[in-house]
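Participant: Line order of the protein sequences matches chains U and S. To convert, count from 1 in the first sequence and add 29; that's the working numbering. By the working numbering, the letter at position 235 of the second sequence is numbered 226, and the numbering carries on one by one without gaps.
Please note: incorrect hints may appear among the correct ones.
[Stated by the list, open to error] Under the rule of at most 25 Å between Cα atoms (straight-line distance), these lysine-lysine pairs were calculated in the BS3-like manner:
1) K149(S) to K74(S)
2) K149(S) to K87(S)
3) K472(U) to K190(S)
4) K532(U) to K190(S)
5) K476(U) to K190(S)
6) K126(S) to K260(S)
7) K190(S) to K418(U)
8) K532(U) to K201(S)
9) K57(S) to K74(S)
10) K475(U) to K190(S)
11) K67(U) to K93(U)
12) K181(U) to K100(S)
[Claimed, not checked] A few chain S residues that face chain U, going by a derived Cβ cut-off under 10 Å, partial list only:
13) R146
14) P147
15) A152
16) P156
17) T160
18) L204
19) R207
20) R268
[To be verified] Chain U residues, not near chain S, derived (Cβ > 12 Å throughout):
21) S85
22) I191
23) E570
Read the hints as simulated data drawn from the structure, not as lab findings. Glycine included, every Cβ here is placed at the ideal spot set by N, Cα and C.
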Amino acid sequence: MFYDIAFYASLLIFFIGIGYRFWTWFTRRVGDVAYEQKSTDRIIGAVKGLFSLVFSLQLFYMIKDFFLNILFQWQILRENSARWAMHMLIFAGFMLLFFLHAIDDTYSHPWIDGYLSTMNPYLFLRNLGAFMVIAGLVIAVYRRMTIARLRKLTYAMDRYAIGILAIIIISGVLLEASKIVSHRAFEDMAQTYAHPAMEIADYENDPELAALMVYWQENYGVVFPDRLDPDPETLALGSELNEVFACSSCHSPASSAFVSYGTAKIISPVANTFTAAGAATFFWYIHVLASFIGLAYLPFSKFFHIFSTPARLLSSGRRDASPGSLSPSPANIATRRAMELDACMHCANCSLTCSVGPVFEVMTNPAILPSEKMGDLRRMVLNRTLPTKELLRISEGAHICTSCNRCTTVCPAGINLQDLWFAIREELARRGYPEPYVQAMQKALKKDVEKSDKPTIPHPPNGQEMKAGLLLSAQADTFSNCYNCATCTNVCPVVACYDHPSKELGFLPNQIMHALGFGLRDQILSSRMLWDCVTCYACQEACPQNVRVADILYELRNLAYGDVRDEEMPAAPKDCLEKSCA
Amino acid sequence: MRYSFFPGCKIPYFVPQYEIATRVVCSSLNVQLMDVEFNCCGYPVRNLDFYSYLFSAARNLAMAEKAGEGILTPCKCCYGSFKRAEHILMERKDLKDRINEQLAPSDLKYEGRLKIRHLLQVLYHDVGIDAIRKKIVKPFSGAEVAVHYGCHALRPSKITAFDDPYNPTMFDELVEATGATSVKWPMRLDCCGNPLWQKNNPLSRLLARKKILDARQSGAQYLCVACTYCQIQFDHVQQLMLEEDEIQTPLPSILYPQLLGLAMGFSAKRLGLDTHRLDATGIVSCQNVPEPESAAGKTA
Ligand code: SF4
Ligand code: SF4
Ligand code: SF4
Ligand code: SF4
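Isolated chain U (complex conformation) (with noise of 0.2 Å):
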């Protein structure tokens, strides 16, 4: 009753999870595209779609795709063995269990002919599957512990992922060794399948029963509450009987269950005590529980996976992430942003080659590495008003990402992250978050200068604050040595192009120069000149006193982006201008 109310309980909410999630597939916006489609042209477009994909050549590469990429994760293979064989352990070691066990009443029993789970090889295998499984999981957390990246980058759902699969498997381990163990179990079989065949009158001083019982405690691992004396006659008349009455033919020897009769043999010390407490009930109703549990909440956990990243794979496989190749209808590629959402598992296979891996590493912002932004794409997407605070952090991670393309070609589950990257900058764009660059100068512009509170000219004038800010490029502090000729501003480009530069763009570089002698830090920052300059270093190379203008420059924009991330992320990680000046 019980598992009955609890098993279609749970199938019932994985089916809606499921088909919730398939339904958001269709409707959830990501990009530009998106917001010009509507729901039901993208489900034309997919079914479309679909039917051209199966006659079409195209079925061939999905058949390939299947086998290959799906099954046989020739991906994950080629770019880490240790994952390959992880994934394989737990992949096949679960589909092992999943149809020899789990649903052995709707599949073993009508199916296969002679199936008893108790027998060999399906006894076996059920403990091969489960070992399959641990050695996966051992790997798994031996790699999210070990790697330095993956650690820092190992959540919640990722150990609820391992979690709930190593209780699933250790419980029905225990479970299994607790019955092998327990006398009760052995003598309700006794009394079910031996007694009447045995017609014995005296349960507990018969000699055949007895014989019974030893051969049991000696080759099945049985514990009884007294340990019994197996001296070799009674050793052979208990195998005879073991025939006789036929446990033989429904019982393979038990140390072919050899994940759980080694377990069995660990707790044998205290094997009374655990069936004296009903420990199989216990771990059966863990089992059991824990079972119904993750198939609840598999569609909305990483499981999910195991459906969304092959519907990505087949909906168009790797084919789509190279340059160049054919492009499908905005509808579809609105469905496909929407789906590829769903189908990252958080492997971070991709943040582990990320090229801009090292800026993680100085400025800890997640947000820049790609397994990471798929989550902050996502929860941009589910959520239309995220906090400044966190849209600012999405946004620095989004635009220090290069589109370098390399997440893209390692991601096992085919997506297109190129793809993606491009779509959360216009998501971005959309909510008025542009490039870092971009909203540092807003900032730096907005500054009103005229009702600052220092004095335009510093009595006395004093640049030293100024100076140990910019002490990071090599001898920035040579703005001391200007002595105002201009011909940094003479040579400047960005100059030449106006008619009335210092109308347009405020301070320009030799006044910048200067005036960073007297402090003056917000009408420096404010100054459109710098965040027009274009990097060409023609002042620098120009300039009679070796002042590096251009590198000042950079570094006065790297300290108005440091205001931006002091006063609107205070939450982000400190910033770095700080660590290296200490």
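Model the placement of chain S with the ligands on the given structure of chain U, informed by the hints.
Facilitator: Below, chain S with the ligands alone, put in the same frame as chain U:
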């Protein structure tokens, strides 16, 4: 000659033909390119955070040192980025120590003894103009090419040590070695404007437009560049400018290894010349029909 090859971030997706053409000419000129899994050179993040830039650059240098050869990049911004990092780390021991401390867990250490080279330098200094001339089988004649030097390799010359900052000749000589004519144009050392792309697009385009018009006025039929970002600017951005009528006639841009590759007898397709946004394949019509005996004499 062996170098660790540093393509940089923008090549794989935006300008893959640059890498293809570079590999083609390098292998036939006996420059061996080794593959190392590098990271971003740090240039793109320099506006935001100096130390992130420096750490990224230094990490690559350390990896190349570990690989045991010099580093070769076809991108001038990557080149400038590395040279500057090299310079800073030489001047600032405190930063170098800090960076090495941070590199230690990845089993890397930057010593400061790496050869940093741009593709053009390798072709000019290591291979040599004479050796290149010997390989020319289909020289150009009458192709008027405007050589774009690119800022980040050229300046500040004290740090980049690329060529004479006011009167550079390396690129011109390399172009002339293919038989093409390097036209004299006033703005050849100016910036292409790409560093401001996505930051101030009108200004970025204005700077590009000035150069394009100047080059055409000086008689150029093609631009020749040797930098990923310059190519993006003169190909992708110029196409946008054409679409929006900011300029009327295109001045297609060709990457130097493509120009050289064509002259060495490789096909336009092999060099990815057919993948540009602005069609530059017309330049093959300026190539001489190969005449085995006279070809070598003509280019001399
Ligand atoms: S495209 Fe962006 S996120 Fe992906 S590897 Fe390159 S820099 Fe990292
Ligand atoms: S995007 Fe791909 S590679 Fe990156 S974490 Fe997700 S599934 Fe893994
Ligand atoms: S060229 Fe040098 S000395 Fe002259 S104004 Fe500019 S920074 Fe000062
Ligand atoms: S680096 Fe900037 S300030 Fe200096 S000349 Fe070039 S554009 Fe002008």
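Participant: Let me make sure I understand: some of the numbered hints might not hold for this structure. Which ones are they, in numerical order?
Facilitator: Structure breaks hints 11, 15, 17, 18, 19, 20 and 23.
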